[in-house]
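J.: Here is how the chains run, residue by residue.
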Amino acid sequence: MNHSITVYLIVAAVTIYLIRVLPMTLIRRDIKNPLIRSFLYYVPYVTLAVMTFPAILSSTGSTVSAWAGLLTGIVLAYVDGNLFRVAICSCIAVYLAELFWH
Amino acid sequence: MLGMVIKMNGKEQNRTWFLRGMKDGVPIALGYFAVAFALGIAAKKAGMSAAQAGAMSALMLASAGQYAAITVIASGGGYIQMAVTTLIVNLRYLLMSCALSQKVAPGMKMRHRFLMSYPVTDEIFGIAMSVEGRLNPFYNYGAAAVAAPGWTAGAFLGAAAGAILPQRVENALSVALYGMFLAIIIPASRKNKVVAGIVAVSMLCSFLFTRLPVLREISSGMQIILLTVVIAGAAAYFFPVREMEENGGDENES
Numbered sequence: 001m002n003h004s005i006t007v008y009l010i011v012a013a014v015t016i017y018l019i020r021v022l023p024m025t026l027i028r029r030d031i032k033n034p035l036i037r038s039f040l041y042y043v044p045y046v047t048l049a050v051m052t053f054p055a056i057l058s059s060t061g062s063t064v065s066a067w068a069g070l071l072t073g074i075v076l077a078y079v080d081g082n083l084f085r086v087a088i089c090s091c092i093a094v095y096l097a098e099l100f101w102h
Numbered sequence: 001m002l003g004m005v006i007k008m009n010g011k012e013q014n015r016t017w018f019l020r021g022m023k024d025g026v027p028i029a030l031g032y033f034a035v036a037f038a039l040g041i042a043a044k045k046a047g048m049s050a051a052q053a054g055a056m057s058a059l060m061l062a063s064a065g066q067y068a069a070i071t072v073i074a075s076g077g078g079y080i081q082m083a084v085t086t087l088i089v090n091l092r093y094l095l096m097s098c099a100l101s102q103k104v105a106p107g108m109k110m111r112h113r114f115l116m117s118y119p120v121t122d123e124i125f126g127i128a129m130s131v132e133g134r135l136n137p138f139y140n141y142g143a144a145a146v147a148a149p150g151w152t153a154g155a156f157l158g159a160a161a162g163a164i165l166p167q168r169v170e171n172a173l174s175v176a177l178y179g180m181f182l183a184i185i186i187p188a189s190r191k192n193k194v195v196a197g198i199v200a201v202s203m204l205c206s207f208l209f210t211r212l213p214v215l216r217e218i219s220s221g222m223q224i225i226l227l228t229v230v231i232a233g234a235a236a237y238f239f240p241v242r243e244m245e246e247n248g249g250d251e252n253e254s
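Chains A and B supply the protein sequences, listed in that same order.
Taking the working numbering, the leading residue of the first sequence gets 1, the next gets one more, and so forth.
Taking the working numbering, the leading residue of the second sequence gets 1, the next gets one more, and so forth.
No lab work stands behind these hints: they were computed from the structure.
Treat the hints with care, as some may be off.
Taking lysine-lysine and the DSBU-like style, the derived pairs with C-alpha atoms no more than 30 Å apart in a straight line are [as the list claims (entries may be wrong)]:
1. A:32 with B:44
2. B:23 with A:32
3. B:193 with A:32
4. B:23 with B:11
5. B:11 with B:103
Given the structure is predicted, the values throughout are model-derived calculations rather than measurements.
Work out the full structure, taking the sequences as your base and the hints as a guide.
T.: Structure follows, in structure tokens:
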């Protein structure tokens, strides 16, 4: 069977849009249930933490530079918290670590 | 000062939120560009053209989701397989959309609901949830207006030109996304001990999932869903949130 890339793309795009649009359009009121509210409150922190570690360790050229980026990010996020500054400084830390380590 | 508040009508507020979204979208676009670049190279290897790689990125706006889709294309899988794979790998967006539906004003117009659903990504979701109080959809539009072109251009160029970025620069840029995640979870952990505990437990479990036999066979998309449901569920059960904490102690409806 010969598959068309255009059809592949349409299938993938429609599927992913449905996943995103159904909750947004079907849940139009504030959920009152405290258990569900609490669950949804915690979702982003768990998801982001799970996606960050340990994936960050294999995202750069070496584990050493990744750790440099991770620690820089944690310390700066703790004292500063500015999205842009934390992101850029993590990148610079990785760049410098790879420059000096290799 | 009161005059200022009254003058700040809906349109101006939307404009302010849009600009704020654009500003916060810059680091996202940067990180996206590097990741999408790598995706573009993978897409080309799967037999896709630069235009197709760009279109895929513009339509899907998903990293792991696109990798999975490219894998299906490369292996010549069926269309059903494409739909099922896309569903499973991106299931976390369902949870994110549920959370977002509670972050916006209950009466928000349907057209905003349809539009806002397009750029539900890990990063845009992350910054949108960290906005204090209710979320104005224009914040998401602003972030998407900057991030989506970065994502699309990255994939297009990756497929068209291959490795033009020096490896070191590409490595450094790939960490930007994680830096952003940290800028969301660490300040929240500092303010709230329960969140701090949850973040630590999440990272530990996620680490174990990549090491332990059987568990490490689970795809990363599935791991994220499993851990999110179990950990956030347990946290909700043992540490229910009071209204005040939810909005960071700020009860303003914006």
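J.: If a hint holds in the structure, say so; if it doesn't, say that too.
T.: Here is what the structure says about each hint:
Restraint check: the Cα-Cα separation between residue 32 (chain A) and residue 44 (chain B) comes to about 48 Å, which exceeds 30 Å; the hinted pair is violated. In summary, the hint linking residue 23 (chain B) to residue 32 (chain A) is not supported, as the alpha carbons are separated by about 33 Å, beyond the 30 Å threshold. A C-alpha spacing of about 24 Å is found between residue 193 (chain B) and residue 32 (chain A), which places the hinted pair at or below 30 Å, so the restraint holds. Distance restraint check for residue 23 (chain B) and residue 11 (chain B): the Cα-Cα separation of roughly 18 Å lies within the 30 Å cut-off, and the hinted pair is therefore satisfied.
For a cut-off of 30 Å, the pair hint linking residue 11 (chain B) to residue 103 (chain B) stands: about 20 Å separates their Cα positions.
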